[in-house]
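Student: The residues making up each chain are set out below.
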Amino acid sequence: MAKCWKCKEPMVLGSYLDRYFCSRCGSIVPLPAGTNHFEVFGFDAPACDLEQLRERHRELSRRLHPDFFMTADEQVRSASTINISAVNDAYRCLSDPMARAAYWLDISGSPLGKDNSSVDPELAAELFELQELAMQMRAAGESPSGRVAGGAGDSGGNSIRAAEALDDLQSRFDAEITAAVALMDSWPQAAAERPGALYRLKKAISRASYMRTMIRNLKDSLEQRWQRSVA
Amino acid sequence: MAYSDKVIDHYENPRNVGSFEKEEEGVGTGVVGAPECGDVMKLQLKITPKGVVEDARFKTFGCGSAIASSSYITELVKGKSVDEVRGISNTEIVEELSLPPVKIHCSVLAEDAIKAAISDWEAKNGGDKDAS
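Taken in order, these protein sequences are the chains called A and B.
With the working numbering, letter number 57 in the first sequence gets 57, and the count goes up by one each step, no holes.
With the working numbering, letter number 31 in the second sequence gets 31, and the count goes up by one each step, no holes.
Hints should not be assumed to be uniformly reliable.
[Stated by the list, open to error] No more than 27 Å apart at the CA atoms, straight line, and that leaves these computed lysine-lysine pairs for DSSO-like:
no., chain 1, residue 1, chain 2, residue 2
1, B, K6, B, K124
2, B, K46, B, K22
3, B, K6, B, K78
4, A, K114, B, K50
5, B, K50, B, K6
6, A, K203, B, K80
7, B, K50, B, K80
8, B, K115, B, K46
9, A, K203, B, K22
Derived from the structure by calculation, the hints contain no laboratory data.
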């Protein structure tokens, strides 16, 4: 068990705060190198309650505020810097479900991009079709006839189709993320079930990632149209 | 991050965009994705009975480097034998387009697309690459 660097007594990890401050002498303790983002907030990886995350981040930011350590010795100041940056890095990652999933896959030895280049053909075909729609809209926006609403280059149907596709894609993206979060929050305890769970998580996040690219493309195309119609 | 001139050229004037009929004889199709960045690439190779790539088409959605990488490989593969094409590695793409380290996965995606298209073609030809 790790010992406090000040009082030399074994550290007792009761609450998440005990990683930062010795529960016996109250001294700040630098987080050990290699502490993962989940451990930073005392979560049982890959679970993470967002409400608790925000609360703990707020509390730690307050307690680790540099103002408290301005006059402290070099060692203590350095510990506070190490801790605050670990807290902020972990917060950025865990507050974004996709980043959290990718991080969990990484530390589980099964990175998102590893042996994972196959794409569900149906989803790919659908996304390529939407890409064509987005490109048509962009081309129409660049041509003089397209700048006139209802002009030859602007079949008004395109923007309606794009808006509908965007809604549909957005709700399916949300569903993938919800499923990924639910999976992480109730991660199987049995070792035998874990490879399957990692695979499902990887696939859900991959689909979400491809959808996200297309959501951005459709939004860009729609916004361009919107800018044009108010110009 | 600045794109190199070659990336910008391929991005603005992509070569060989489009597709062949998937079922057409001699056409191998590879669809691959890079989930870290959400890019998807479809590469089709039209291969003669003698195993020479005579034409290529691609569609890609994603970042400029992914588009440039796929556009570049459609030019690179033309006239090459299947074996030569199979040997193309992503480092060739990285060097030609001067891709920065953060965009190396785009070139890997292009290499994966080539391999997927060739395996598809081989599967259609009963796994025998010399089949006519």
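Student: If a hint holds in the structure, say so; if it doesn't, say that too.
Tutor: Hint check:
1. K6/B <-> K124/B: Between K6/B and K124/B the Cα gap is close to 35 Å, so the pair fails against 27 Å, i.e. violated.
2. K46/B <-> K22/B: 10 Å, holds
3. K6/B <-> K78/B: The hint holds at about 19 Å.
4. K114/A <-> K50/B: Given that 27 Å is the threshold and the Cα spacing comes to 34 Å, the pair is violated.
5. K50/B <-> K6/B: Outside the cut-off at roughly 32 Å; violated.
6. K203/A <-> K80/B: 35 Å, violated
7. K50/B <-> K80/B: At roughly 11 Å apart (the allowed maximum being 27 Å), K80/B and K50/B satisfy the hint.
8. K115/B <-> K46/B: 14 Å, holds
9. K203/A <-> K22/B: The hint holds at about 25 Å.
In terms of the numbered hints stated before, the structure departs from hints 1, 4, 5, 6, listed from lowest to highest.
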